[in-house]
Each structure stands twice: as structure tokens, then as C-alpha cells.
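Top to bottom, those sequences are chains A and B. Reminder that position 611 of the first sequence reads as 611 in this note's numbering, one-by-one numbering, no gaps. Reminder that position 124 of the second sequence reads as 124 in this note's numbering, one-by-one numbering, no gaps.
If you are wondering where the hints come from, they were derived from the structure by calculation, not from laboratory data. One or more hints might be untrue.
Just so you know, same-sequence chains aren't split out, so a pair can sit in one copy or run between any two.
Dumping the calculated EDC-like pairs for lysine to aspartate or glutamate here, alpha-carbon to alpha-carbon at most 16 Å [said to hold, decoys possible]:
(1) Lys362 with Glu118
(2) Lys346 with Asp48
(3) Lys673 with Glu641
(4) Lys673 with Glu575
(5) Lys361 with Glu118
(6) Lys346 with Glu130
(7) Lys297 with Glu308
(8) Lys297 with Asp488
(9) Lys543 with Asp143
(10) Lys436 with Asp79
(11) Lys436 with Glu15
(12) Lys384 with Asp326
(13) Lys196 with Glu372
(14) Lys436 with Asp41
(15) Lys113 with Glu357
(16) Lys543 with Asp22
(17) Lys384 with Glu412
(18) Lys96 with Glu59
(19) Lys436 with Asp282
(20) Lys436 with Glu461
(21) Lys297 with Glu382
(22) Lys96 with Glu205
(23) Lys436 with Glu39
There are 2 protein chains.
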Amino acid sequence: MTSQPSEGRNRVVIESITPSVDAGRYPAKRTAGDLVRVEADIFTDGHDSIAAAVLVRREGPDDVSAHWTEIPMAPLVNDRWTATFRVAEIGRYAFKVQGWVDHFETWRLALLKRIKAESDTLVDYLIGAELIEQAAARATGADSSWLLDRATHLRAGKESGSPRTGPGSRVGEPKNLRTHATDPMLNEIVRRYPDKRYATASDREYSLVVDPVRARFSAWYEMFPRSTAAEPGRHGTFADCEARLPYIAELGFNVVYLPPIHPIGRTFRKGPNNNPDSQPGDEGSPWAIGSAEGGHKSIHPALGTLAEFRSFVAKAKDLDLSVALDIAFQAAPDHPYVAEHSTWFKQRPDGTIQYAENPPKKYQDIYPFDFESEDWAAMWEELKSVFLYWIAQGVTIFRVDNPHTKAFPFWEWVIAEIKRDHPHVLFLAEAFTRPKVMYRLAKLGFSQSYTYFPWRNAKWELTQYLTELTQPPVREFFRANQWPNTPDILTEFLQIGGREVFSIRLLLAATLGANYGIYGPAFELMEHTPVRRGSEEYLDSEKYQIRNWDLARPDSDRTGSLGPLIARVNGIRAEHPALQNDTSLRFHSIDNDQLIAYTKESDDRSSLILAVVNLDPHHTQAGMVTLPLDELEIPADRGFEAEDLLTGARYLWHGPRNYIELNPAKQAGHILKLHRRLKIETDFEYFL
Amino acid sequence: MTSQPSEGRNRVVIESITPSVDAGRYPAKRTAGDLVRVEADIFTDGHDSIAAAVLVRREGPDDVSAHWTEIPMAPLVNDRWTATFRVAEIGRYAFKVQGWVDHFETWRLALLKRIKAESDTLVDYLIGAELIEQAAARATGADSSWLLDRATHLRAGKESGSPRTGPGSRVGEPKNLRTHATDPMLNEIVRRYPDKRYATASDREYSLVVDPVRARFSAWYEMFPRSTAAEPGRHGTFADCEARLPYIAELGFNVVYLPPIHPIGRTFRKGPNNNPDSQPGDEGSPWAIGSAEGGHKSIHPALGTLAEFRSFVAKAKDLDLSVALDIAFQAAPDHPYVAEHSTWFKQRPDGTIQYAENPPKKYQDIYPFDFESEDWAAMWEELKSVFLYWIAQGVTIFRVDNPHTKAFPFWEWVIAEIKRDHPHVLFLAEAFTRPKVMYRLAKLGFSQSYTYFPWRNAKWELTQYLTELTQPPVREFFRANQWPNTPDILTEFLQIGGREVFSIRLLLAATLGANYGIYGPAFELMEHTPVRRGSEEYLDSEKYQIRNWDLARPDSDRTGSLGPLIARVNGIRAEHPALQNDTSLRFHSIDNDQLIAYTKESDDRSSLILAVVNLDPHHTQAGMVTLPLDELEIPADRGFEAEDLLTGARYLWHGPRNYIELNPAKQAGHILKLHRRLKIETDFEYFL
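Required output: the full structure, derived from the provided sequences and hints.
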């Protein structure tokens with residue numbers, strides 16, 4: 001148990017490596033092109049110098065993954081070291097950290113001190129010669145002979161005569177020896193051949209999953225395909241969806257998300273407003289998946305054919321819109337799986353199949369899969385094949401319905417399986433559940449996650465929650481996707497209704513979240529009537545019936561579509577890299593609880609946005625916002641411009657405290673581009 | 001890589017287990033008799049009930065360690081679970097966590113809801129019967145047949161007739177079935193036989209090192225044996241040390257710590273005040289270990305014989321004093337190791353041995369061991385044997401000198417080796433170095449550690465530092481030992497001199513630190529003159545010469561020994577369990593930056609102490625201290641007594657805010673026992 005280690009001379013310690021998730025058990029998430037900053041506590045006993053490096057490689061086929069790239073680390077403060085590298089490619093990377101005692105550097109620094117104190121002796125140079133000879137033995141080619149030559153010079157002092165040979169004697173030819181020993185070229189060449197005999201390696205390799213940029217920066221538009229017909233009463237088709245795409249693209253979205261497109265079960269079908277007694281002609285819920293017409297790999301006949309779906313996907317791609325499909329792993333009683341794979345569902349002693357329930361509520365139209373099935377392995381494979389089927393049709397994003405009601409080991413496996421061959425595919429977890437469960441799903445591989453944002457309205461709770469999401473450790477594995485509404489979530493705040501309310505939630509979602517989404521026409525048309533008081537369900541919800549939306553309602557009217565504001569906000573997001581990440585989010589003090597203020601910046605700090613939102617839809621609110629000018633690198637000794645990207649207004653601000661006033665009837669918030677230097681518009685532009 | 005796991009049905013997740021150090025890489029520390037509270041995040045997918053347990057065993061010989069004790073965990077909030085157990089024995093323990101889906105409990109809770117809603121059906125009872133039969137198959141003896149009988153009852157509903165057999169039909173004999181199904185005895189017996197087929201185990205076992213109580217609660221007294229002679233000028237002996245022991249015991253200390261007692265090197269011996277040119281008759285530094293008379297296993301001849309040392313240890317034990325020996329792994333040039341094991345030291349190209357240095361400073365009287373020696377394995381064994389030698393002489397505590405200048409892997413190995421056979425032995429790390437290095441040494445096994453306490457004087461820095469030390473994660477592995485002075489550390493604050501200054505530092509050390517120590521006579525006699533301005537070294541330091549101390553200086557005089565105050569403080573520590581731990585430390589608001597206030601409590605909350613110290617040695621300071629009465633379980637609606645254990649004064653306090661005034665010339669601080677209920681002294685005592 002405590003027998004000696006095989007090598008006891010690994011003197012360097014490596015601890016607290018970041019980024020890491022659960023001590024390296026799960027990969028950290030990044031997107032293509034990101035700079036990855038690795039840090040670790042690295043130190044050794046005593047006073048010797050150390051050196052350290054990050055070794056990084058892509059994971060993948062052997063020929064790719066065998067090659068480790070070594071990046072030297074540099075010390076920060078307090079024994080913390082760092083190195084930075086860029087992950088250019090989508091896929092998985094692995095990195096590890098190495099540290100070792102650097103005897104040459106120890107010698108070099110001590111010698112410099114001794115030279116300064118005029119206390120260098122011959123033996124100091126002999127020690128250096130030994131270290132250089134050792135480096136020469138590790139070196140190759142010209143470097144090796146150059147080093148041997150240099151060592152010979154350092155030994156020459158000893159060989160050339162008596163008065164300089166005593167151990168404490170002063171150096172005979174100090175200038176020459178000192179020049180040779182402190183030559184920067186010597187240092188540079190020795191450093192190429194570090195002595196790693198007793199190097200310490202980090203306890204394990206750490207993984208990174210590098211996703212497409214859209215994992216970090218996306219704007220989602222959810223719409224029900226069956227509600228896309230131009231004329232009321234008709235069942236929408238993929239052709240109608242295709243016709244709707246330019247509208248969505250003009251609003252500035254880059255993901256179009258469709259609820260399930262499969263045949264809908266007939267047994268226990270629900271009527272409008274979730275009525276358990278449906279009538280013939282009722283369309284049912286798209287989440288009651290499967291009928292005699294097919295299951296998870298089939299298309300609802302009324303929507304069209306597979307070819308039409310592919311055409312829709314292709315058209316979307318032309319408009320730079322990704323198509324996200326809803327994956328809901330559950331079956332209507334008439335889903336083909338139920339007959340073909342009855343063991344995938346829980347059998348009851350009376351021979352019936354266990355339907356979903358939350359006692360005493362019963363959902364007889366839904367059979368959950370039984371992840372304790374004896375046949376789980378085959379079931380996993382089949383469920384995986386559902387993803388692969390739709391990937392083959394051009395789908396690149398999956399919005400997974402209630403992943404928290406399926407076994408966790410399944411998700412870790414299936415997402416890794418799919419991303420191994422299709423690393424560009426993204427998964428959004430729709431798990432509105434307890435925080436640790438949501439975080440676990442993200443660790444297991446979900447690329448993005450819904451959040452509690454819909455219910456966070458007050459400044460303190462937005463600040464606290466968004467800070468948690470955007471700081472380590474959470475941000476290393478959990479990517480928030482902020483939705484003000486969904487077909488299941490018409491919040492109490494939205495039920496107030498009106499442009500002010502929807503504008504506030506839009507501005508918050510789109511600027512707090514580099515990833516955000518809206519449940520389409522219901523949002524821009526500011527639908528806000530619940531099915532009943534106290535419910536978050538929409539009245540006449542599209543979940544149970546076809547709706548027809550008047551998207552052309554004019555903006556001039558106070559009840560007109562919010563489309564133009566949405567388009568402007570999305571345009572600002574696309575133009576300003578500051579809004580394309582969440583990790584730079586910082587909240588700032590503003591002396592009014594109804595006003596919230598925060599900045600975001602681009603990685604290179606060239607883009608800096610200050611958002612200020614009036615959380616009160618009813619009254620004008622004003623206050624002084626205080627900015628940490630130092631941190632933001634805004635000079636304190638001159639004015640700077642805050643340019644409102646929503647209105648074009650320009651404010652000349654001075655110092656850290658500046659005045660904000662927002663009348664929600666006119667403008668729910670500012671999205672201010674902060675110009676770090678005063679920009680004066682004259683015939684020509686110049687910067688002071 | 002992503003092939004299916006062999007078992008995919010382990011649906012329960014176990015995360016974030018505490019106590020743990022670096023995700024379980026190192027043991028957490030406890031002392032004998034402690035309650036250990038294990039916590040973990042435990043949850044599963046969906047809505048099924050789960051159960052969890054901590055399994056704990058002693059590490060040791062196979063027959064002991066094979067037996068795991070299972071302790072059921074209970075849920076707290078937010079998916080956090082806990083279980084508590086007591087570690088009675090000194091040694092190592094291991095624990096792990098198990099969690100599993102509890103189908104019986106899921107069924108039982110759903111049935112209770114259905115019964116309440118009058119919606120229970122026959123099939124619900126049949127499902128229960130199946131689960132009970134499965135439990136019966138896992139059960140033994142009477143339990144098994146009892147369960148089968150109960151299952152038969154639940155099945156009876158189906159067998160007894162037609163109207164109750166349909167899947168949705170209502171229960172025919174509801175009362176009888178309901179009574180059987182919800183019988184608490186049924187629940188209790190099924191729970192004895194949990195279905196752990198798909199149980200999840202924590203990723204690893206977690207270790208605990210259980211030390212003697214003295215690791216958590218100790219008062220150290222350091223003294224130089226050679227300075228213990230009664231008459232000036234004579235070299236002290238172990239007999240003199242033995243004669244000093246009753247004095248130390250009366251002061252209330254329980255550890256007596258001796259600087260090295262070995263022969264002192266003669267080569268490059270240092271004279272008084274670290275003079276490099278020593279004179280014949282100079283005694284030298286005890287840390288320059290080894291001469292022709294022997295090394296680390298020998299005794300300085302002037303101190304006496306091994307038998308006399310053993311007598312000293314025995315006498316100490318009689319007084320309940322542990323003897324702590326200084327272990328300084330370094331050699332004087334004339335240490336026998338240098339000749340016998342020259343490869344354990346770094347050879348220089350000129351044939352000399354590398355002495356210690358911190359360029360341009362040189363310490364020619366000290367040779368460090370070379371932990372990169374080719375012969376490191378034999379050197380490790382020899383160094384280990386030094387500990388074993390002194391353990392054989394009755395030493396139970398080692399104060400290790402500069403452990404941070406020896407290789408980390410050595411410490412992990414040697415401490416584990418020694419504690420395997422001698423688990424009662426303690427190690428104090430004397431590493432006044434960077435924080436991460438100090439923490440690493442503690443993780444590797446040191447039982448206690450010196451701290452930055454000597455240099456923490458202001459309220460904010462004491463609060464910040466002590467909070468860091470006494471909260472997780474640090475407190476799980478690092479046990480502070482707070483010293484106001486050491487032979488190397490006469491702080492700037494102490495150099496002010498006077499009773500006030502020494503009293504302040506004594507009160508802080510002894511009440512902030514359940515472990516604390518003083519460098520003996522120099523402290524109680526308030527020695528405060530540095531060797532020169534700007535130095536933390538004592539003038540005429542005992543490190544380089546023999547001193548003679550007048551311990552009997554009367555307390556009545558302002559320059560008299562601080563002994564009586566020390567004895568009183570140590571007596572209070574011994575009497576009041578609140579002061580015997582650090583984990584309960586909480587700082588409280590007091591509206592004066594020169595006053596610091598904090599409480600400590602015993603585990604069972606029966607002992608509650610509030611300490612308030614005036615950090616200003618010059619002026620009377622006053623302020624209002626605010627106590628969180630709720631947290632402290634002090635009723636807000638009546639008065640409570642604060643009894644000053646130093647003076648016997650009693651204060652009747654009301655509410656959270658109470659007045660404090662401290663004149664340092666009279667009293668540097670209060671040590672107040674808070675009586676949670678008002679104690680009224682009359683002819684008899686009673687509690688309101």
C-alpha cells in the first residue's frame with residue numbers, strides 16, 4: 001500500500017487544472033476558433049526553477065490523435081501557470097499538463113545573482129558546463145555541437161591555470177566566462193531540450209468538445225409547421241414552412257425549430273386546450289408520437305413527403321438557417337414500437353402498458369420507454385438510429401424533449417456516439433427541472449440547455465442566476481439558451497401583455513444570452529392569454545390545434561407585430577461580437593432596482609456593449625449607472641461615447657457614473673456600444 | 001470508446017461527495033470520536049424515488065477492512081443527501097456512496113396519492129404484490145415468508161371475482177387491500193432488502209485519516225533544552241528539562257516541543273547572533289545536525305543519555321504532556337551521513353558538496369539532502385528510520401523543519417508508512433512558505449501546520465484568513481496550529497513590547513486556534529528585542545547560544561511573567577469544548593475596526609464561547625457587537641448571560657446588539673461563555 005513508488009524524484013506538483021469539469025470526468029465545452037486558456041497550480045519543493053507545458057492533441061483517428069503539440073506555460077502569480085492555444089477544428093481535443101524542475105534555469109538565475117554580487121566562482125561555471133553537456137546529449141545536430149562547444153568554453157577557465165582552480169577562488173577571466181554563460185542564445189538553445197527525466201504529468205488527460213460556433217451564438221425561432229398555411233383552416237405543409245423561411249431569416253434568426261413532425265397517435269388523442277375527449281378532426285398533440293402511419297422516422301402525412309422536408313431543409317440552409325428537430329422519446333399507444341418492441345415499455349400485471357403519469361394525473365396518450373428494460377441495449381441502438389436518420393436528411397440540431405426522464409447513461413453514450421461521426425451536430429436539452437439534473441445533462445453532452453430565465457424577472461435574481469451560469473464551473477459545461485416563452489411557458493409576467501412586457505423580455509433574452517430563442521408567432525404577436533387564470537398554458541395552444549397567425553400586423557399600431565424590433569435586435573447581435581458570447585457578462589451597479597445594467601465584450605475587447613433594461617413595463621425609471629472604467633479599459637480622463645444601437649442616439653459620457661432614463665412605452669432598454677475613445681464626427685473621422 | 005456500457009441501467013447519479021480532498025485523491029482528516037457527516041448529490045431521471053447509503057469500513061488488516069457498515073442516507077434539499085457516523089478509532093477509514101432507484105417506495109407513494117384521490121385500482125395492488133414478491137426473494141427466513149403472505153393478500157383482490165379484474169376497475173375490497181398495502185410494517189420489512197441490481201456506486205472510495213484528539217486540540221510549549229539549567233552559564237540537561245515539566249503542565253500546555261537534541265556540527269559552526277566566526281565554546285545551532293558524536297539518532301552529549309531522555313519522556317507522559325521532537329532533515333558537514341552516504345548530497349564538479357544557499361547568501365554549515373540522488377530509495381528508508389527510532393523512545397509528535405524543501409513524494413510515502421503502524425503519531429509541518437505549498441504538505445499527510453497567523457494583526461486579515469482555514473475545502477485537510485512567536489519569528493507587532501501586546505496575541509492564538517503554541521520563556525517573559533531594527537530575529541537568540549530565564553518574575557509587576565494569564569487561558573480552553581475545535585469558528589459584526597469578535601461552539605452546541613479582543617494595545621476601544629441569535633439558538637425574547645471566564649464578570653445581555661468596551665491595560669479581551677438561557681443565581685439554580 002505504501003511501498004515506495006517506482007520513481008520518487010518527480011518533484012513537481014500539478015494541481016487544480018482548468019478548464020475541467022468534475023475533475024476531468026467530463027469534457028469542457030468550446031467552439032471552433034476559441035482561444036483555450038489552460039491554467040494549473042504548478043510548483044516544487046525548495047527554491048529550484050521549474051518549467052511546464054500543456055500538451056494538446058485532437059482526438060480522432062490514430063494518425064491525428066497520436067500527435068501532441070507542446071505549448072510552454074508561463075507563470076502568473078501564486079504558483080498559477082497558464083498557456084493558451086486555439087482550437088480551430090470542430091471535434092474533441094485532449095490536453096494534459098507536464099511540469100519539471102529546470103536545473104539549467106536554476107543555475108542561470110543563481111549565476112546572474114552571483115555576478116551581480118561579484119561572487120561568482122569557477123565552480124559555478126563548471127556546474128553550468130555539466131548542465132550544458134547534458135542538454136547537448138539530449139539535443140540533435142547543430143544544436144548539440146554548438147552546446148558542446150559552449151560547455152568547453154565554460155570549462156576552459158579551469159583548464160587554463162592554477163590560481164583559478166580552488167573551489168572558492170574568484171574567476172580568472174570573468175568577463176569572457178560571464179559573457180559566454182549569460183548569452184541569451186545559450187539559454188534559448190538549452191530550453192529546446194528540457195530535462196524531463198523526472199517530469200510530473202497531470203493525473204489524467206482532460207477533454208474538450210469543440211462545437212460549431214452556433215453552439216455559442218444562435219437565435220432560435222420555434223414554429224408549428226401545421227400552423228404555417230397562408231389561409232385559415234388548412235393544415236400547414238413543409239411547402240408552407242419553406243415559404244415562411246425568408247420571413248424568419250429577415251427577422252435575423254439562424255435556427256428554425258420545429259416541434260415533432262411525425263404521425264400523431266389516435267388512441268386517447270387530446271382535443272383543443274388539452275381536452276381529454278377529442279372529436280373527429282382534432283389534430284392532436286405532435287408530442288403524442290406514432291400511429292399506424294409510422295413513428296419517429298416517419299413524417300405526418302398532412303405535412304408532406306420526405307422529399308418536401310428535405311427541400312425545406314435545403315432552402316433553410318440557403319438562408320443560413322439551421323433546422324432543429326424535436327426529439328421526444330415517447331410513444332403514443334398506436335406507435336409501431338409498441339407492438340414491435342413491447343419489452344421497451346413497462347408491462348403491468350394485467351397485460352396493459354404503463355402510461356405516463358404523475359399521480360393522480362394520468363397521460364394515457366403517452367407511453368414512456370422503460371430504461372430498465374431487459375432489452376435496453378437494442379432500444380438504445382434504435383433510439384440512436386432516430387438521430388442518425390434525421391441527420392441523413394440534413395438536420396444538424398436536435399431539441400430533445402424532457403431528457404431528464406430518460407436514463408442518464410443513455411445520453412452520455414448516444415451523444416458521444418453521434419458526435420464521434422457528426423461532431424457538428426448540436427443537442428438542446430429541454431429539461432425544466434431541478435438545477436443539478438439540468439447541469440448533469442449538460443455534463444453528459446448536451447450542447448445547449450433551456451434555463452430558468454423565463455421566471456427570472458427581478459434584478460437580483462437575474463444577476464444571481466446569470467452570474468452562476470456564466471462563471472466557472474458552470475460555464476465550462478453548460479451553455480444557456482434563453483427563452484422568454486415556449487409553447488409550454490406563458491409566464492405570469494408575459495400575461496400582463498403589451499409591447500413593453502414583450503420588449504423587456506426580448507431585450508433581456510437576446511443580450512443576456514448569446515443563445516436565445518422565441519416561440520414564434522405567439523411571441524412577435526404578443527399572445528398573452530392563458531388557458532385559465534393561474535396557468536402558464538396558452539389559450540387555444542398550438543400544441544393541440546392549428547392556429548393561423550397574422551404576421552403582417554403593422555408595427556405602427558401599438559398592437560402590431562414586434563417583428564421590426566426583433567429584427568433590429570438580431571441585427572445588432574450579428575454585427576457586434578460582444579453579444580456573441582456569455583463568458584464576458586458582467587453586471588454593473590445602477591442605483592434603481594428596476595434598472596439592470598451589464599456589459600459584454602468580444603474576446604479581443606474590440607467590441608464592448610452596455611445593455612440597460614427597464615424591468616418595469618409601467619413606469620419611466622431613471623438612475624445612475626456606475627461602470628468600472630479601469631476593468632473596461634475606458635480612459636477615465638476623457639469622455640467616451642455611448643451609442644444606442646437601437647435608436648441611433650449618441651451620448652457623450654464622462655467618468656464612471658452616468659445617467660440613464662428609460663420610458664418603457666418608448667424604449668424598454670438601451671443597447672449601447674461603448675466607444676473607448678471619443679469619436680468626433682467631422683468631415684473626416686479621427687480618434688483622439 | 002463509446003461502445004455501450006456493460007450495464008446501462010444504473011440510473012442513479014452520485015456527485016459532489018463531501019468530505020473529500022481533491023476529488024478523493026487525498027484523505028480528509030478527523031479525530032477519534034468525531035461525527036463524520038457525508039453528503040452527496042444523488043438523483044435519478046424522471047420521478048422515481050431513490051434510496052442511498054454510505055458504506056464505511058476501517059482500513060487495516062484484511063479481517064477488519066473487509067467489513068463494510070451500511071448507513072442509510074436521508075435527503076436534505078436540492079438533491080443533497082446525507083448520513084452521519086462516528087469514527088471511534090484512530091487509524092484510516094474508507095467510505096463510498098451507493099444509490100439506487102427504489103421501485104417499492106415509488107409505488108408506495110403513488111398508491112398513497114391514488115388512495116387519497118380515491119383512484120386506486122386493482123392493478124395498482126398487483127404491481128405492489130410483484131414488488132413485494134421480489135423483495136421476498138431477496139429476503140431470508142421469517143421476513144421472506146411474511147412478505148410472500150402479504151403479497152398473496154394483495155393478489156387476492158384479483159382472484160376473488162369478476163367486477164374487480166378490469167384494468168381500470170375500482171378496487172373491490174378497498175379497505176382491506178389499502179390496509180394491507182399501507183401497513184408501516186410492510187414498508188419497514190421491504191426496506192431491509194433493497195433492490196440494488198442497478199445500484200450506482202461512487203466513482204471511488206474516499207479515505208479518512210482519524211488522528212488522536214490532540215491533533216485537533218493542543219497547546220504547545222517550545223523550549224530549548226540547553227537553556228533549562230537552574231543556574232546561569234550551565235548547559236541544560238534532560239534532567240533540567242524534566243524538572244521544568246511541572247511548570248509547563250501548570251501553565252496548561254499538553255505538548256512540550258524540543259528543538260533538535262542531536263550533536264551539533266563543528267564545521268562552519270555559527271556563533272551568537274548568527275556570527276559566522278564562532279569562537280571555541282560557542283554552542284552552535286541545534287539545526288546544524290551531526291558531528292563525529294553522531295547524527296539524527298544520537299543525542300548531544302551535554303544534554304545527557306538516551307536513558308535520561310526516556311526518563312524525560314516518561315515524566316512528561318505522567319503529566320499528560322506529549323513530547324514533540326524537531327526533525328530537520330539536513331546535515332552539518334561533519335554529520336556521519338556525509339562520509340557514509342556522499343551520494344545523498346549534491347556533488348559539485350570540484351569534488352565539494354553543495355551547501356545550502358539562497359544566492360548570494362550561503363549557509364556553509366548546512367548540507368541539504370539531494371532528493372534527486374540516484375540512491376533516493378535507500379535515503380528515504382534511512383530518513384524513515386529516524387522517525388521510527390524516536391517513536392521507539394516514546395516520542396509521539398514530530399515538528400518537521402522546512403518540509404517544503406524536501407521532495408513532496410517523500411512526505412506522502414513516509415507519513416503513510418509511519419502512520420500505518422503508528423497511527424497515533426502526529427506531524428507538524430513547519431513550512432512558512434507560499435499557500436499552495438503549505439496546503440499540499442497538509443494533503444500529503446501532515447497532521448498540523450504552522451500558519452501566517454504571526455503576521456495577521458488587522459481585523460480584516462484575521463477574519464479573511466481564519467475563515468479560509470476553517471471552512472471547506474481547506475479545513476478538510478489542513479489543521480492550523482497558531483503561534484504568536486517562534487525562535488525565528490519575533491514579529492513587528494510583538495516588538496512593540498509590553499503586556500498588552502503579548503496578551504492580545506495570546507488571546508487570539510488560543511481562542512482562534514484549537515491548536516496553538518508559544519515559543520516558551522521568550523513569550524511569557526515578553527522578550528521583544530530584535531537582533532537589529534527590521535529583523536524578526538531575536539537578539540541573543542537561543543538558536544545560537546544558551547539563555548537563562550527568570551521564570552519566577554512576579555505577575556504583580558507590569559513586567560512580570562505572563563504565566564498566570566497563560567495558565568488561565570489554557571484552563572478555559574480545557575474546560576470549554578467550544579474552544580477545542582476550529583470548524584465552528586464564526587466571525588461577528590462589531591462596529592469598531594479595532595475590536596474583533598467571534599464565536600465557537602462544541603459539536604453538541606452545549607458549549608458556546610464568544611471571544612472579543614481589542615487589537616489596539618494602546619487605547620480603550622468600544623463598540624456594539626451584533627450576534628445572529630437565531631443561528632446561535634439564543635432566544636431573542638429574553639435576556640441571556642455572557643460570563644467572562646477570564647475575570648468572572650457577568651453581563652446580562654438583551655437582543656442581538658450589545659456593548660463591549662476593552663481597556664488593554666486592564667484586559668486585552670473577553671472570553672465570554674454565552675448562557676443560552678438566563679441563569680439566575682439565588683439560593684438554588686433554575687432555568688427559565
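Outcome of the hint check:
no., hint, verdict
1, Lys362 with Glu118, "between (89 Å within a copy, 14 Å between copies)"
2, Lys346 with Asp48, "between (65 Å within a copy, 14 Å between copies)"
3, Lys673 with Glu641, "within (8 Å within a copy, 60 Å between copies)"
4, Lys673 with Glu575, "within (11 Å within a copy, 65 Å between copies)"
5, Lys361 with Glu118, "between (88 Å within a copy, 12 Å between copies)"
6, Lys346 with Glu130, "between (74 Å within a copy, 13 Å between copies)"
7, Lys297 with Glu308, "within (15 Å within a copy, 89 Å between copies)"
8, Lys297 with Asp488, "neither (24 Å within a copy, 77 Å between copies)"
9, Lys543 with Asp143, "neither (72 Å within a copy, 50 Å between copies)"
10, Lys436 with Asp79, "between (32 Å within a copy, 7 Å between copies)"
11, Lys436 with Glu15, "between (25 Å within a copy, 9 Å between copies)"
12, Lys384 with Asp326, "within (14 Å within a copy, 65 Å between copies)"
13, Lys196 with Glu372, "between (50 Å within a copy, 13 Å between copies)"
14, Lys436 with Asp41, "between (28 Å within a copy, 8 Å between copies)"
15, Lys113 with Glu357, "between (77 Å within a copy, 12 Å between copies)"
16, Lys543 with Asp22, "neither (38 Å within a copy, 48 Å between copies)"
17, Lys384 with Glu412, "within (12 Å within a copy, 47 Å between copies)"
18, Lys96 with Glu59, "within (13 Å within a copy, 32 Å between copies)"
19, Lys436 with Asp282, "neither (39 Å within a copy, 67 Å between copies)"
20, Lys436 with Glu461, "neither (18 Å within a copy, 35 Å between copies)"
21, Lys297 with Glu382, "within (11 Å within a copy, 72 Å between copies)"
22, Lys96 with Glu205, "within (5 Å within a copy, 24 Å between copies)"
23, Lys436 with Glu39, "between (26 Å within a copy, 14 Å between copies)"
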